[in-house]
Amino acid sequence: MSTFKQYSVLPGFNLALGFTLLYLSLVVLIPLSAAFIHSAKLTWPEFWSTVTAPRVIASYRLTFGASFAAAVVNAFFGLLVAWVLVRYPFPGKRLVDALIDLPFALPTSVAGITLTAIYAGNGWIGQYLEPLGIKVAFTPIGVFVALTFIGLPFVVRTVQPVLEDIEKELEEAAAMLGATRWQIFRRIIFPTILPALTTGFALAFARAIGEYGSVIFIAGNIPMISEITPLLIITKLEQYDYTGATAIAVVMLVISFILLLIINLLQWWVHHRGIKV
Amino acid sequence: MQFNTWLSVGLLILVMVNSNQALADRAILNVSYDPTRELYEEYNRKFTRYWQEKTGEKITVRQSHGGSGKQARAVIDGVPADVVTLALAHDIDAISEQSGLILAEWQKRLSNNSSPYLSTIVLLVRKDNPKGIKDWDDLIKPDVAVVTPNPKTSGGARWNYLAAWGFALKKHDGDEAKAQEFLTRLYKNVSILDSGARGSTINFIQRGIGDVLISWENEAFLALKEYGPEKFEIIMPSISILAEPPVTVVDKNADRHGVRNIAQAYLEYLYSKEGQEIAARNFYRPSDPEIARKYAHQFPAIDLFTINEVFGGWPKAQSIHFKDGGLFDKIYVNQ
Numbered sequence: 000m001s002t003f004k005q006y007s008v009l010p011g012f013n014l015a016l017g018f019t020l021l022y023l024s025l026v027v028l029i030p031l032s033a034a035f036i037h038s039a040k041l042t043w044p045e046f047w048s049t050v051t052a053p054r055v056i057a058s059y060r061l062t063f064g065a066s067f068a069a070a071v072v073n074a075f076f077g078l079l080v081a082w083v084l085v086r087y088p089f090p091g092k093r094l095v096d097a098l099i100d101l102p103f104a105l106p107t108s109v110a111g112i113t114l115t116a117i118y119a120g121n122g123w124i125g126q127y128l129e130p131l132g133i134k135v136a137f138t139p140i141g142v143f144v145a146l147t148f149i150g151l152p153f154v155v156r157t158v159q160p161v162l163e164d165i166e167k168e169l170e171e172a173a174a175m176l177g178a179t180r181w182q183i184f185r186r187i188i189f190p191t192i193l194p195a196l197t198t199g200f201a202l203a204f205a206r207a208i209g210e211y212g213s214v215i216f217i218a219g220n221i222p223m224i225s226e227i228t229p230l231l232i233i234t235k236l237e238q239y240d241y242t243g244a245t246a247i248a249v250v251m252l253v254i255s256f257i258l259l260l261i262i263n264l265l266q267w268w269v270h271h272r273g274i275k276v
Numbered sequence: 000m001q002f003n004t005w006l007s008v009g010l011l012i013l014v015m016v017n018s019n020q021a022l023a024d025r026a027i028l029n030v031s032y033d034p035t036r037e038l039y040e041e042y043n044r045k046f047t048r049y050w051q052e053k054t055g056e057k058i059t060v061r062q063s064h065g066g067s068g069k070q071a072r073a074v075i076d077g078v079p080a081d082v083v084t085l086a087l088a089h090d091i092d093a094i095s096e097q098s099g100l101i102l103a104e105w106q107k108r109l110s111n112n113s114s115p116y117l118s119t120i121v122l123l124v125r126k127d128n129p130k131g132i133k134d135w136d137d138l139i140k141p142d143v144a145v146v147t148p149n150p151k152t153s154g155g156a157r158w159n160y161l162a163a164w165g166f167a168l169k170k171h172d173g174d175e176a177k178a179q180e181f182l183t184r185l186y187k188n189v190s191i192l193d194s195g196a197r198g199s200t201i202n203f204i205q206r207g208i209g210d211v212l213i214s215w216e217n218e219a220f221l222a223l224k225e226y227g228p229e230k231f232e233i234i235m236p237s238i239s240i241l242a243e244p245p246v247t248v249v250d251k252n253a254d255r256h257g258v259r260n261i262a263q264a265y266l267e268y269l270y271s272k273e274g275q276e277i278a279a280r281n282f283y284r285p286s287d288p289e290i291a292r293k294y295a296h297q298f299p300a301i302d303l304f305t306i307n308e309v310f311g312g313w314p315k316a317q318s319i320h321f322k323d324g325g326l327f328d329k330i331y332v333n334q
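As they're listed, the protein sequences go chains A and B. At position 107 of the first sequence (counting the first as 1) the number is 106 in numbering that gives the first Met the number 0, and the numbers step up by one without a gap. At position 319 of the second sequence (counting the first as 1) the number is 318 in numbering that gives the first Met the number 0, and the numbers step up by one without a gap.
Simulated from the structure, these hints should not be mistaken for laboratory data. Note that the coordinates shown come from a computational prediction; the quantities given were computed from them, not determined experimentally. C-beta atoms are modelled at their ideal positions from N, C-alpha and C, and glycine is treated no differently. Incorrect hints may appear among the rest.
Facing chain B, from chain A, some residues (calculated, C-beta under 8 Å) [what the hints assert, rightly or not]: (1) Pro53; (2) Arg54; (3) Ala119; (4) Gly120; (5) Trp123; (6) Asp164; (7) Glu166; (8) Gly219; (9) Asn220; (10) Ile221; (11) Pro222; (12) Met223; (13) Thr234; (14) Leu236; (15) Gln238; (16) Thr242.
Label-pair ranges, simulated between beta-carbon atoms [what the hints assert, rightly or not]: (17) A:Val26 to B:Asp136: 51 to 61 Å; (18) A:Asp96 to B:Lys322: 43 to 53 Å; (19) B:Tyr49 to A:Tyr127: 20 to 30 Å; (20) A:Leu128 to B:His171: 39 to 49 Å; (21) A:Asp96 to B:Val332: 21 to 31 Å; (22) A:Tyr22 to B:Arg36: 38 to 48 Å; (23) B:Lys322 to A:Arg86: 26 to 36 Å; (24) B:Asp142 to A:Leu252: 35 to 45 Å; (25) A:Ser48 to B:Asp172: 46 to 56 Å; (26) B:Ser237 to A:Val26: 56 to 66 Å; (27) A:Met223 to B:Asp174: 50 to 60 Å.
Simulated pairs of lysine-lysine, DSS-like, Cα-Cα distance not exceeding 27 Å [to be verified]: (28) B:Lys140 to A:Lys134; (29) B:Lys187 to A:Lys134; (30) B:Lys315 to B:Lys45; (31) B:Lys230 to B:Lys130; (32) B:Lys107 to A:Lys134; (33) B:Lys272 to B:Lys169; (34) B:Lys187 to B:Lys177; (35) B:Lys169 to B:Lys130; (36) B:Lys272 to B:Lys45; (37) B:Lys322 to A:Lys40; (38) B:Lys315 to A:Lys40; (39) B:Lys230 to A:Lys134; (40) B:Lys272 to B:Lys107.
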């Protein structure tokens, strides 16, 4: 027992851990295990042929590919936005700051309909892109645009507080010791915010994988081309194929879990390396 | 007993009577498919008035709309529908089989296969028909962009698919391989598969997507009424399918809510002259011959085939064409 429970001066460990486990079970584990149990009604070959059908494979590619691309773009531009918001005073800053949270608050279907209206061939932006041969709405690019939209606040809001807490003195000391601006950013600022940035990336990525509402309007939903995996799950449900739907859901869960685990390990590694330096 | 006590007993009784009356204000829920919104809005007003005149009881009819398959699933999953009025018999069969809420022989309970109104599938094009679309044949030309929803989730889309298939079969003297090739070429021209008919209509009308919308006849007329004939034209194909959207009481729910008599009357009244008039005004083809004659000018006579004639009924059409791995899936996977 004593090896399991490390000594802590803080009282209440047992109670707090008990509540944590209970809460996690009720809110996360029980609903998720229901998906696993339901899909267990399939035999292994049935399960395998359901989750590796060509249409399903094409949808994994789109869902995970577009989510990853959107998260990468958001990591870059989210960092830039956070940097501007923290480092520079400018008129209307609070307004911009508040705008960042809008994708959090907006119902996703509203976001989807709005984006579709803007990027469709007769929309505000679409009418200029279409003559250039760029179709956004109803193509995989549209999926990417919607996922970028919903993912942005995750990066900004995780990086911002860390950036605010960086001690000015460190940068000043570096400058005194002759570091260039680029060196200061690369050696001091970037390592400090990297853990927060990977968290923001992971959150945006995870959110994008599960996104349904905003994507569905802009995707076009053509089999093999612009169908996302959550749509296939819904399609199966609407054909009364409950077990098939849960089988795909289980695959998504497992892949998402593995990816998030990798990102967390990466983050842990980055964090510990940072401390040693 | 004192006056005060009597007063409070009296008040108590009054409250109980009142709350009883509140309970007695019965309501039914009609779970329907996408393009029937306007039809049932008008019909519900008419029916509640009719019921009050007949029985003195004030009732409420609530309605819910969405893709037909999605609505059926919602009922299976527990939406407390008292009646369902869906796009095709297969979806009601599914409720009956999956949940047992509806008796298996439901389709024999009302006349005309339980379909009070009929419809068909037509083509809606932009004003002056710039691509010169006259019939199903024109939809497979390489430069024509077609809009139709996903047959996996939309009842209307399944009728669209089957109408095109019926045309191709007739054209190629029953050659199924040729029909399949026709459908493959047709769906190559489709760039968006919405989950419901209304979504497709919105994409065609408001977003300017595509040259032709394969649509319910009533939905096409409605678009014409809302947006004006100066924007769109309806093209009647040479041949199409006779769509029979069925209705039925959800037995177990209606009994549990104690509203069976209302639910029953609600559906039967659809067959009355008044009900048929409302259906016709909302661009559904009436099943009553007299009302049908009255509105004949509105619905051009075209060559219509039924699903039983060409496909041998819904269960067969469903398992050959639309189930996973069926012919519709092959269109996309084999490309």
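Hints, one by one, checked against the model:
Residue-level restraint check for Pro53 (chain A) holds (minimum Cβ-Cβ distance to chain B is 5 Å; threshold 8 Å). For Arg54 (chain A), the shortest C-beta to C-beta distance to chain B is roughly 6 Å, which falls under 8 Å, so the interface hint holds. Interface restraint check: Ala119 (chain A) against chain B, minimum CB-CB distance 4 Å, threshold 8 Å, status holds. A least Cβ separation of about 6 Å between Gly120 (chain A) and chain B falls short of the 8 Å threshold, and the interface hint therefore holds.
Given hint, Trp123 (chain A) at the interface with chain B, is violated; its Cβ is 12 Å from that chain's nearest Cβ, farther than 8 Å. Below 8 Å, beta-carbon pairs count as interface contacts, and Asp164 (chain A) has none with chain B, the closest being about 46 Å; its hint is therefore violated. Below 8 Å, beta-carbon pairs count as interface contacts, and Glu166 (chain A) has none with chain B, the closest being about 52 Å; its hint is therefore violated. Proximity of Gly219 (chain A) to chain B holds as hinted, the smallest CB-CB distance being about 4 Å (cut-off 8 Å).
The interface hint given for Asn220 (chain A) is met, as the beta carbon of that residue sits about 5 Å from the closest beta carbon of chain B, less than 8 Å. Hint status for Ile221 (chain A) relative to chain B: holds, with the closest Cβ pair at about 6 Å, below 8 Å. For the restraint placing Pro222 (chain A) at the interface with chain B, the shortest Cβ-Cβ distance is roughly 4 Å, inside the 8 Å limit, so the hint holds. Given hint, Met223 (chain A) at the interface with chain B, holds; its Cβ is 5 Å from that chain's nearest Cβ, closer than 8 Å.
Because the beta carbon of Thr234 (chain A) sits about 5 Å from the nearest beta carbon in chain B, less than 8 Å, this interface hint is met. At its closest, the beta carbon of Leu236 (chain A) sits 6 Å from a beta carbon of chain B; the interface hint therefore holds under the 8 Å criterion. Interface hint status for Gln238 (chain A): upheld, as the beta-carbon distance to the closest one in chain B is roughly 6 Å, under 8 Å. Hint status for Thr242 (chain A) relative to chain B: violated, with the closest Cβ pair at about 12 Å, above 8 Å.
Remark: the range hint 51 to 61 Å for Val26 (chain A) to Asp136 (chain B) is upheld by a beta-carbon distance near 57 Å. Distance hint for Asp96 (chain A) and Lys322 (chain B): a CB-CB separation of about 52 Å, consistent with the stated range 43 to 53 Å. Between Tyr49 (chain B) and Tyr127 (chain A) the beta carbons are some 55 Å apart, a value that contradicts the proposed interval 20 to 30 Å. Range check, Leu128 (chain A) to His171 (chain B): Cβ separation about 41 Å, and the 39 to 49 Å hint holds.
At roughly 48 Å, the beta carbons of Asp96 (chain A) and Val332 (chain B) sit outside the given window of 21 to 31 Å. Remark: the range hint 38 to 48 Å for Tyr22 (chain A) to Arg36 (chain B) is upheld by a beta-carbon distance near 42 Å. Between Lys322 (chain B) and Arg86 (chain A) the beta carbon distance is about 58 Å. The supplied range of 26 to 36 Å is therefore violated. Range check, Asp142 (chain B) to Leu252 (chain A): Cβ separation about 44 Å, and the 35 to 45 Å hint holds.
For the hinted restraint 46 to 56 Å between Ser48 (chain A) and Asp172 (chain B), the CB-CB distance of approximately 36 Å leaves it violated. About 59 Å separates the C-beta atoms of Ser237 (chain B) and Val26 (chain A), a value consistent with the hinted range of 56 to 66 Å. Between Met223 (chain A) and Asp174 (chain B), the C-beta spacing of about 26 Å breaks the proposed range 50 to 60 Å. A hinted pair counts as satisfied when its Cα atoms are at most 27 Å apart, and Lys140 (chain B) with Lys134 (chain A) qualifies at roughly 21 Å.
Of the supplied pair hints, the one linking Lys187 (chain B) and Lys134 (chain A) holds, its CA atoms being roughly 17 Å apart against a limit of 27 Å. Distance check on the hinted pair: Lys315 (chain B) and Lys45 (chain B) sit about 38 Å apart at the alpha-carbon level, beyond 27 Å; violated. At roughly 15 Å between alpha-carbon atoms, Lys230 (chain B) and Lys130 (chain B) fall within 27 Å of each other, so this suggested pair holds. At most 27 Å may separate the alpha-carbon atoms for a hinted pair to count; Lys107 (chain B) and Lys134 (chain A) exceed this at roughly 50 Å.
Distance hint between Lys272 (chain B) and Lys169 (chain B) is unfulfilled; the C-alpha atoms sit about 36 Å from each other, more than 27 Å. Of the pairs offered as hints, the one joining Lys187 (chain B) and Lys177 (chain B) holds, with about 15 Å between alpha carbons and a cut-off of 27 Å not exceeded. Using a Cα cut-off of 27 Å, the hinted pair Lys169 (chain B) and Lys130 (chain B) holds, with the two alpha carbons roughly 24 Å apart. Restraint check for Lys272 (chain B) and Lys45 (chain B): the C-alpha separation of about 12 Å stays at or below 27 Å, so the hint holds.
Distance hint between Lys322 (chain B) and Lys40 (chain A) is fulfilled; the C-alpha atoms sit about 19 Å from each other, no more than 27 Å. Of the supplied pair hints, the one linking Lys315 (chain B) and Lys40 (chain A) holds, its CA atoms being roughly 26 Å apart against a limit of 27 Å. Proposed proximity of Lys230 (chain B) and Lys134 (chain A) is supported: the alpha carbons are some 25 Å apart, at most 27 Å. Taken as a hint, the Lys272 (chain B) and Lys107 (chain B) pair is honoured in the structure, with Cα atoms around 21 Å apart against an allowance of 27 Å.
Violated hints, listed in ascending order, are 5, 6, 7, 16, 19, 21, 23, 25, 27, 30, 32 and 33; each of the other numbered hints is respected by the structure.
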